[in-house]
Amino acid sequence: MKTDLTDTTASKINKALVKGRRAIGTPAVGMVLTLVIVTDEENAYDALKAASDASREHPSRTLVVIKRVSRSPRDRTQSRLDAEVRVGADAGTGETVVLRLYGEVVDHAQSVVLPLLLPDAPVVVWWPVNAPLDPANDPLGALAQRRVTDTYACEQPVKELAARADAYTPGDTDLSWTRITPWRSMLAAALDQVACEVQGVEVEGEEFNPSCELLAMWLADRLDVPVKRAHSGGPGLTAVRMDTDCGPIVLDRADGSLATLSIQGQPKRAVALKRRDTAELIAEELRRLDPDDTYASALRYGVERLKSPDGSGPPAKGEREAVPAPVESAAKAPADRATAQAPVKKAAAK
Amino acid sequence: MSSSNPLRDPADRRLPRIAGPSGLVIFGVTGDLSRKKLMPAVYDLANRGLLPPGFSLVGFARREWANEDFAQEVHDAVKEHARTPFREEVWQQLIQGMRFVQGTFDDDESFERLRGTIEELDKAQGTGGNFAFYLSVPPRSFPVVIQQLKKHGLADQTDGSWRRAVIEKPFGHDLKSAEELNAIVHEVFAPDQVFRIDHYLGKETVQNILALRFANTMFEPIWNRSFVDHVQITMAEDIGIGGRAGYYDGIGAARDVIQNHLLQLLALTAMEEPASFDADALAAEKTKVLGAVRLPKDLGRDTVRGQYAAGWQGGAKAVGYLEEEGIDPSSKTDTYAAIRLGIDNRRWAGVPFYLRTGKRLGRRVTEIAVVFQRAPHSPFDTTATEELGSNAIVIRVQPDEGVTVRFGSKVPGTSMEIRDVSMDFAYGESFTESSPEAYERLILDVLLGDSNLFPRTEEVELSWKILDPIEEYWDTNGRPAQYPAGTWGPVEADEMLERDGRSWRRP
Chain A
1 MKTDLTDTTA
11 SKINKALVKG
21 RRAIGTPAVG
31 MVLTLVIVTD
41 EENAYDALKA
51 ASDASREHPS
61 RTLVVIKRVS
71 RSPRDRTQSR
81 LDAEVRVGAD
91 AGTGETVVLR
101 LYGEVVDHAQ
111 SVVLPLLLPD
121 APVVVWWPVN
131 APLDPANDPL
141 GALAQRRVTD
151 TYACEQPVKE
161 LAARADAYTP
171 GDTDLSWTRI
181 TPWRSMLAAA
191 LDQVACEVQG
201 VEVEGEEFNP
211 SCELLAMWLA
221 DRLDVPVKRA
231 HSGGPGLTAV
241 RMDTDCGPIV
251 LDRADGSLAT
261 LSIQGQPKRA
271 VALKRRDTAE
281 LIAEELRRLD
291 PDDTYASALR
301 YGVERLKSPD
311 GSGPPAKGER
321 EAVPAPVESA
331 AKAPADRATA
341 QAPVKKAAAK
Chain B
351 MSSSNPLRDP
361 ADRRLPRIAG
371 PSGLVIFGVT
381 GDLSRKKLMP
391 AVYDLANRGL
401 LPPGFSLVGF
411 ARREWANEDF
421 AQEVHDAVKE
431 HARTPFREEV
441 WQQLIQGMRF
451 VQGTFDDDES
461 FERLRGTIEE
471 LDKAQGTGGN
481 FAFYLSVPPR
491 SFPVVIQQLK
501 KHGLADQTDG
511 SWRRAVIEKP
521 FGHDLKSAEE
531 LNAIVHEVFA
541 PDQVFRIDHY
551 LGKETVQNIL
561 ALRFANTMFE
571 PIWNRSFVDH
581 VQITMAEDIG
591 IGGRAGYYDG
601 IGAARDVIQN
611 HLLQLLALTA
621 MEEPASFDAD
631 ALAAEKTKVL
641 GAVRLPKDLG
651 RDTVRGQYAA
661 GWQGGAKAVG
671 YLEEEGIDPS
681 SKTDTYAAIR
691 LGIDNRRWAG
701 VPFYLRTGKR
711 LGRRVTEIAV
721 VFQRAPHSPF
731 DTTATEELGS
741 NAIVIRVQPD
751 EGVTVRFGSK
761 VPGTSMEIRD
771 VSMDFAYGES
781 FTESSPEAYE
791 RLILDVLLGD
801 SNLFPRTEEV
811 ELSWKILDPI
821 EEYWDTNGRP
831 AQYPAGTWGP
841 VEADEMLERD
851 GRSWRRP
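Chains as they are written, first to last, in our numbering: chain A, 1 to 350; chain B, 351 to 857.
Keep in mind the hints are simulated off the structure, nothing from the lab. Keep in mind that the hints are not guaranteed to be accurate.
[Said to hold, decoys possible] Where chain B lies over chain A, by a calculated footprint (3+ residues, C-beta under 8 Å):
| id | stretch |
| --- | --- |
| 1 | 162-171 |
| 2 | 182-192 |
| 3 | 274-280 |
[What the hints assert, rightly or not] Just the calculated beta-carbon pair ranges, DEER-fashion:
| id | chain 1 | residue 1 | chain 2 | residue 2 | range |
| --- | --- | --- | --- | --- | --- |
| 4 | A | Ser-11 | B | Ile-445 | 54 to 62 Å |
| 5 | B | Pro-762 | A | Ala-142 | 39 to 47 Å |
| 6 | A | Ala-89 | B | Phe-757 | 48 to 56 Å |
| 7 | B | Leu-798 | A | Thr-260 | 18 to 26 Å |
| 8 | B | Leu-560 | A | Pro-119 | 23 to 31 Å |
| 9 | B | Gly-592 | A | Lys-2 | 45 to 53 Å |
| 10 | A | His-231 | B | Gly-381 | 39 to 47 Å |
| 11 | A | Glu-42 | B | Pro-366 | 32 to 40 Å |
| 12 | B | Asp-382 | A | Cys-196 | 22 to 30 Å |
| 13 | A | Cys-196 | B | Gly-676 | 53 to 61 Å |
Since the structure is predicted, the reported quantities are computational estimates derived from the model, not experimental observations. Glycine is no exception: its CB is placed at the ideal position from the N, C-alpha and C atoms.
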């Protein structure tokens, strides 16, 4: 069931939601969270589609906040809120409200969203594109326990990663990180099978794909070895090569779906490692709503400390030794490390 | 091995528990269970990325199949029954480790071939000698298969690798046979390498009993004799015995269901809080409560058994048990059983636990209902509370998994009238689609060596100690009561509760 409300307010939208639920005969539903999608008109359709697929695993109230562009000074002074309320079969397994904001109210989106949040349930904000530089201090981001960004959709993903690291607040997460869970899982499983020490790693993948950097940083952070970032034509990540004291371990995925795992002295094995669509990523992201310390730790390792593809040492090589926080102890207590590292950075800035 | 893996971190909760290098050998791979449950579960696990690279699946059966025929069979089973969508790349990963060994259980040569296959897989797939043997075979074949595994060195664990045995119910048909079976299995496999599948324990709702009781504060304070009036545990099936006459006749509902599923549900409902959720602590509490179970003094009064007679079941005509093909017309086998048990401990003394199970009942349902005492004093007059029943917490195990809380509420209107309402939590509503099948969880646990969800030898033997006296009494006294198919059991069962001033819930 679909209700269109033009030039409306949050309380009218709430009434429409209750009315809609009554009409289809389900006055109470077990929705587990509110998902707020902040996007522009161009990306709204795809994002909403992914969210309603994900809502099959996590029944939720989805609020799509679309900020409309004003094209004239007169437009900018006028303020209007339009809403489209969908319940029942039109809204996956939960409820959906598409909010279109015009004029001044664009800057006060949180005033529209706040009254529409489900009581006592966690809030997740997702920016499919154009995430704010500091998500936790964004007025909408401040409402949420979990803030999902996507550096993959950025113009300069690597720069963006550095910005994310600076602004990191517990509860932040990025879909580029979510994308590599199967890779991380498989690499961990590969190391389960051998008792070798890793000496060096190379991560190969397409350019402008922050997942490669995140994977490289995670490996560098956990293994405490130099990690090289190499470029390839894609799709996505194509290979991870780990040099160990008992021979190389290579996870190679040329076609974006079926990978080969080769370990020295063991037969080559095929491994399903398909690139996942956004709905699956969002579903994984909504599964746990507590801060992801592993992400924080990998992100804070720092993009600049990775070796660049041409083989030239990282500019930060000298700095690397200068960083006093020993990575080994950091691996045990990522939170400690974060605090330990921050003063160093400040000192350097001075 | 994994503890020293620098990529593993307990704080990294996105990384799933992946089984180490291993393979699964299924005996009786052409059977229904294998096709409908095991093969799809293996695929679903692979699809969720929970199986190790190089995981191998070996089928063993009499049929003249090549590896390709077997793969095709698995493919069909997966397409038809798997929970998750079919993906070609996952299939490509699985198919490389699929083998079929043709043979019979008494044929030495085929077990030698099986050993060769396993050695070949260790080389080609890197399974590292770790294999679980799933015995999806009739109970009479257990001893011969186990002995063959021993004879051909298939059960021998060598440096760091493991060999495990997975067995399905029935675990014997009385205490004596259960002990014999345990002796046979344990002679070959160490007790901690034997996994007894009770698929009920793999169900999310059953595991949720523990979460409901021990992760919340609002239920446990009233979970005792001061508040609980009685507990009803029901497992009803709407089907008859189908083609299982040979297995079922002489076994009956009590041995088939109460001994394992219902007594396990009872143990989880009634046990004390375990010190931790590791397998030993859990087994200790379950064993304790099963050991405290007391049988009624008068077995004739507090147990009922029945047989379904001809009738109409959900709009279709159903024949009676004695008219089923392959059943002796004078058979005394029970297709319905209801018993009343007590638990002698401080928490439960005086609270009856009613267990019932049956075939051809009203509908297929399994539930645990904890029924509370009525309020000691009601300020409302009797007309107001006429329609009010007892408060209850119902854990719906299947289908429509969830929890219902029933309590009284005022009916809107000018007069004070109080009626039962229910507050409902449905898994399907809050966690749609995410619930894995019981067999997925259990197979993964076998490969991980995690025995939390598997009943131990002591639990099996204790349950037989509970059931044996009842079966003996039934053997020597009377005949099963008849009940029309499609109803909720014989009137004798209703009378049994009526004598206690209670009645069965209609589930």
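Going down the list of hints, with the structure as the test:
Coverage of a stretch by a chain is defined here by at least three residues with a beta carbon nearer than 8 Å to that chain's beta carbons; for the stretch 162-171 of chain A and chain B the count is 0, and the condition is violated. Here's how the stretch 182-192 of chain A fares: 10 of its residues keep a CB closer than 8 Å to some CB of chain B, so the rule of at least three is met and the hint holds. Requiring three or more residues with a Cβ within less than 8 Å of a Cβ of chain B, the coverage given for the stretch 274-280 of chain A is violated, as only 1 such residues are present. For A:Ser-11 and B:Ile-445, the hinted distance range of 54 to 62 Å is satisfied, since their beta carbons lie about 58 Å from each other.
A C-beta distance of roughly 40 Å is found between B:Pro-762 and A:Ala-142, which places it inside the suggested range of 39 to 47 Å. At roughly 32 Å, the beta-carbon separation of A:Ala-89 and B:Phe-757 lies outside the given 48 to 56 Å, and the hint is violated. Take B:Leu-798 and A:Thr-260: their Cβ atoms lie about 25 Å apart, and the range 18 to 26 Å holds. In this structure the supplied range 23 to 31 Å holds for B:Leu-560 paired with A:Pro-119, their Cβ-Cβ distance being about 28 Å.
Range check, B:Gly-592 to A:Lys-2: about 47 Å between beta-carbon atoms, so the 45 to 53 Å window is met. Checked against the hint of 39 to 47 Å, the C-beta distance between A:His-231 and B:Gly-381 comes to roughly 52 Å, which is inconsistent with it. The hinted range of 32 to 40 Å is satisfied by A:Glu-42 and B:Pro-366, whose Cβ atoms lie roughly 35 Å apart. A beta carbon spacing of about 44 Å between B:Asp-382 and A:Cys-196 contradicts the range 22 to 30 Å that was offered as a hint.
The hinted window of 53 to 61 Å between A:Cys-196 and B:Gly-676 holds, with their beta carbons roughly 60 Å apart.
Violated hints, in rising order: 1, 3, 6, 10 and 12; the structure is consistent with all others.
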